[in-house]
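Protein chains in written order, with the working numbering: chain A, 1 to 110; chain B, 111 to 226.
Be aware that a few hints might be false.
[What the hints assert, rightly or not] The calculated label-pair distances, taken between Cβ atoms and stated as ranges, are:
#1 B:T112 with A:N59: 34 to 40 Å
#2 B:R132 with A:D39: 18 to 24 Å
#3 A:T40 with B:T112: 20 to 26 Å
#4 A:E54 with B:I122: 41 to 47 Å
#5 B:Q194 with A:D67: 41 to 47 Å
[To be verified] Chain A regions said to be covered by chain B (calculated; three or more residues, Cβ under 8 Å):
#6 44 to 58
#7 86 to 98
Simulated from the structure, these hints should not be mistaken for lab results. Even glycine gets a Cβ: it sits at the ideal position worked out from N, Cα and C.
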Amino acid sequence: KNQVEQSPQSLIILEGKNCTLQCNYTVSPFSNLRWYKQDTGRGPVSLTIMTFSENTKSNGRYTATLDADTKQSSLHITASQLSDSASYICVPGGSYIPTFGRGTSLIVHP
Amino acid sequence: DTGVSQDPRHKITKRGQNVTFRCDPISEHNRLYWYRQTLGQGPEFLTYFQNEAQLEKSRLLSDRFSAERPKGSFSTLEIQRTEQGDSAMYLCASSLGDSHLGNTIYFGEGSWLTVV
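Full structure from sequences and hints, please.
Structure follows, in structure tokens:
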């Protein structure tokens, strides 16, 4: 059964600080991994996508890493801003239907 | 490119009533997905279309749920005899090409359903 575990479940940080979100997955077949940002009450928005052969991908202050051997991914946010407050969802894919994690809820305080 | 549009954004209905949600995907996107999301959870897959063909349905999609994409463009999701457990946000998404090949899936803003 495909599974996605994200940690921490929630995180509170001060504005300007860095943070790292983790994702462990068991998905087969596997070909790519996405990270989505979802603001409260809005649809998810794609941040990064990595194929199984890529180790890292950046999008501004967001940097995702992927270790396909250990089936782990992380999302690092640098110099956090208030607008980073959202849920971050890890989505490993390989079949026609990707599997969504429950997300990590990030709150950035001023 | 106007993005994925969903209508209505919010719907409050009495238990037992039928509701229908509409999704207009990004133009020329041949894949269309419906997901359901409740508070604190990630989106759960409901069903998936390639053009007008409904290729896969989740076991979450009971016989009270039906989805169509008649001309391979917009799609509708109908829930008959709504129950309080149907209260959720219903997300539509689309992509050009297969997601497992790395094509980005674009989501709409969702349709919130509250069954009272």
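* Taking the CB of R132 of chain B and the CB of D39 of chain A, does the distance hold inside 18 to 24 Å? -> holds, 22 Å
* According to a criterion of three or more residues whose C-beta lies within less than 8 Å of a C-beta of chain B, is the region 44 to 58 of chain A covered? -> With 5 residues close enough to chain B, the hint holds.
* Confirm or reject the claim that T40 of chain A and T112 of chain B have a C-beta distance inside 20 to 26 Å. => Between T40 of chain A and T112 of chain B, where Cβ atoms are some 23 Å apart, the hint holds.
* **Per-stretch coverage check for the region 86 to 98 of chain A, three Cβ contacts closer than 8 Å to chain B** => holds (count 7)
* Is it true that E54 of chain A and I122 of chain B lie within 41 to 47 Å of each other by Cβ? -> The hint (41 to 47 Å, Cβ to Cβ) holds, given that E54 of chain A and I122 of chain B are roughly 44 Å apart.
* Determine whether the Cβ-Cβ distance between T112 of chain B and N59 of chain A falls within the hinted range of 34 to 40 Å. => Because 23 Å falls outside the window, the suggested range is violated.
* Using the beta carbons of Q194 of chain B and D67 of chain A, state whether their distance is inside 41 to 47 Å or not. => The hint (41 to 47 Å, Cβ to Cβ) holds, given that Q194 of chain B and D67 of chain A are roughly 42 Å apart.
Comparing the model with each numbered hint stated earlier shows that hint 1 is the single one that does not hold.
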